[in-house]
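The listed protein sequences derive, respectively, from chains A and B.
With UniProt numbering as the guide, the letters of the first sequence map in order to residues 1 to 457.
With UniProt numbering as the guide, the letters of the second sequence map in order to residues 1 to 457.
Bear in mind the hints are in silico, worked out from the structure with no lab data behind them.
All clues stand as given, with none of them false.
As the list makes no split between identical chains, a pair holds if one copy fits it or if it spans any two.
Think about it this way: if two alpha-carbon atoms lie no more than 30 Å apart in a straight line, the pair counts; the simulated DSBU-like pairs of lysine-lysine are:
no.: 1; residue 1: K49; residue 2: K107
no.: 2; residue 1: K383; residue 2: K288
no.: 3; residue 1: K107; residue 2: K316
no.: 4; residue 1: K316; residue 2: K288
no.: 5; residue 1: K337; residue 2: K232
no.: 6; residue 1: K203; residue 2: K107
no.: 7; residue 1: K203; residue 2: K288
no.: 8; residue 1: K316; residue 2: K203
no.: 9; residue 1: K159; residue 2: K56
no.: 10; residue 1: K232; residue 2: K316
no.: 11; residue 1: K53; residue 2: K22
Protein chains: 2
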Amino acid sequence: MPNAIDRFLEQNLETYLQETMKLCAQPSVSATGEGVRECADLVEQILQKHGLKTQKFEGYGNPVVVGRAKGRSERTLLFYNHYDVQPPEPLELWDSPPFAPQIRDGKLYARGAKDDKGEFMARLAAVDAVRAAHGGELPCGVLFVVEGNEEVGSPGIAKFVQDHLDLLKCDGAIWEEGGIDFEERPGTSLGRRGILAVELEVKTLSRDAHSGNAHILPSAAWRMVRALASLKDENERILIPGFYDQVRPISEEDLELLRRLPDLEPYLRETFGVRGFVNNLQGFELRKAVFNPTCNIQGITTGYQGPGNKTVIPAKASAKLDFRLVPDQDPTDILKKLRVHLDAEGFTDVRITYTDYMFPARSDPKHPLVRLAAQAGEEVYGKPYQLIPLTGGSSPVYAFAGPLGIPVIDAGVGFGITNRTHAPNENIRLQDFHNAARHIARILDGFADLWSGEGSS
Amino acid sequence: MPNAIDRFLEQNLETYLQETMKLCAQPSVSATGEGVRECADLVEQILQKHGLKTQKFEGYGNPVVVGRAKGRSERTLLFYNHYDVQPPEPLELWDSPPFAPQIRDGKLYARGAKDDKGEFMARLAAVDAVRAAHGGELPCGVLFVVEGNEEVGSPGIAKFVQDHLDLLKCDGAIWEEGGIDFEERPGTSLGRRGILAVELEVKTLSRDAHSGNAHILPSAAWRMVRALASLKDENERILIPGFYDQVRPISEEDLELLRRLPDLEPYLRETFGVRGFVNNLQGFELRKAVFNPTCNIQGITTGYQGPGNKTVIPAKASAKLDFRLVPDQDPTDILKKLRVHLDAEGFTDVRITYTDYMFPARSDPKHPLVRLAAQAGEEVYGKPYQLIPLTGGSSPVYAFAGPLGIPVIDAGVGFGITNRTHAPNENIRLQDFHNAARHIARILDGFADLWSGEGSS
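The following block holds chain A by itself, in its conformation from the complex:
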């Protein structure tokens, strides 16, 4: 009932934007803990307000909030979202404060406006619209899982799913975001890279020393530079022995899907002001590169970082790293190999603290949910639907897809970089919020019917 859905959303958009701003005004930085529990409470209240029965689960890190509503059919569609956000730093680069949401130029600016509070609210708008269009009853059940640790790698979510397989029984899932790319072309990712995030630390002195002693006293900064330099060669090849052992060659089917995807180059050049890409990649090679696992330095901390100079030998150094892993790499295996590598290179004094891991995951491109999302997407956006074999980021798709035996697709506000996801001035275009709600509502509307022919077969 697309017409009734669209009418409802058109008439009520403002209400949902106001509610999104209220949610974004509540800080919920999982990296520091700021405001996280208050935000979980607020999410529970919002779910209740929209007619869902809620439960809040403790013991998996920050609370997991679950909301459910029954539908006419037994079929259930799961929505995965999260209420936590990335740290807002560097604060000086925001044009308006990160937790004082502001609408200007057709966009809502706030930390979390896109990732993932705006996405979450667009889904609740879709649920309300479908319910209204069906005379107050949903055609299928809906199940919201809203967690509070996604930005620190969802360390508890896999166990949460394993512990609640009955509660979470469903027939398909829509992941936290996505649904259109940076040129508003609809599509879905069929896979996510895994991640292993670690912090390396080394200490060479009991305290910083005067650099007039640099000929004799060992420097933690130099030690860290050398340990890092041992991890990767200048051609981006990761030098940890066995790192690539579980990497699958890219299949012909995936290469074909990649070929149909648009050229990223002009967009990336403009967005990030880059002169050249990693390894001077161009054109199709840029798209293929998502099948390369990576070793990224998130940040390095050592020595004096203020203005001017300070003649010290740093006693301590640390570096935060993330490895993005491709099918079938295993983050626990890579962690072990990293330790073996550092030891073999003589860096037994470099401590590794694991901070985050997720496995890579893939979904079946032939599932009927994918077709439904494609049809709805083409209707809303008026463009062909894309199938993306693997995206560069990581998410706990693996924790749901495997144990629940369901396909997981994207449908939401789309490509995060234009929204400055994880960066200052994060925002969501009001038009994108509206379209995401229309797209999701159409999927909800048709979801139960995907199985309507089953009884006769």
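Starting from the known structure of chain A, fit chain B onto it as the hints suggest.
Just chain B now, kept in the frame of chain A:
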């Protein structure tokens, strides 16, 4: 007149300590500018209070304060000191606030207590003591040069000296500190290493990006790690072509002076909790290593440094470096060679900003001032006097010794590491303050007599 001098200092010590605390309570961080001008005014007032005529010179960075008093003889002894201090960070490691001086356990704790406000005040105590012992008249002239940019490399002092050769005409100089080593053995350095301090900066993106793009977007953090790794091999050999061209081989005379010096190893192991030294140096090799120029990383700044992790590719990275240079290396030559090296290694995008340079310097071990300092030092400390051919740190000795044609010696509170110079909990032992004043007063007392036989020759 050592007895009268010692009596005066014994009776008046408390007054000078109180005045030192007042001076230390005034912040004067040249790296940030905090309190520097206020401190210059305070130093001028203090010099006047102790009977010196003052002048304050602008146009050489922070003000240079000069104080002079005539003596019975035309001979003049110059004291070089500085009123600026190192940044007090990390603040959390101080047991009492850096600019709230506190005496406990026989020590005065404050940023600058040792380097260089305590040293400066001990000299004023010596001047007063000698004047009192000689019935109100100094036996030789004294000339204080107290600058405010030493901790940022004294960028203006060489030009200041060149511009005021007449004003600064003198017959010898006592440098800012030193005079005893970490086991209270008296001695003087006969040379200082030079320094070249630079900041390297690189930018690869217009803003930080999500690390899910690490397979395509270039990382400033990795770029900096690779640029740094190109500077030095694992055996501490600096890889900049031509870096060692002007390094003199260690002379037999210097080797002999080095052989007479005490073993640093136990002291360094205890003070810095080190397990092993650079290049596994031991014993005599540790002493010889001061003749090796160094490339030190003062600090690296890139990416996310807060708690937890943040999945970003850093857009920018910077590193502060200092090179300690030995005779006859030239910091301006090394700066050029660094640029050539980075370009040759493909790092044309790594910007170099020079922040500080000083030339290496040496003084003549056979000058009579050295003998006088030795005799006075043995009397005060009761131990043989050491001649140190080269010390690891840098100071603008070169700016005075050359143009003024004078020997420059150390006489003061001694080895900085035990005083936590440049580190949290900087302090000065009250006993060391007292002894430094006694030592310097004896040098002042005998200085004019060094030339008393000249008229007859």
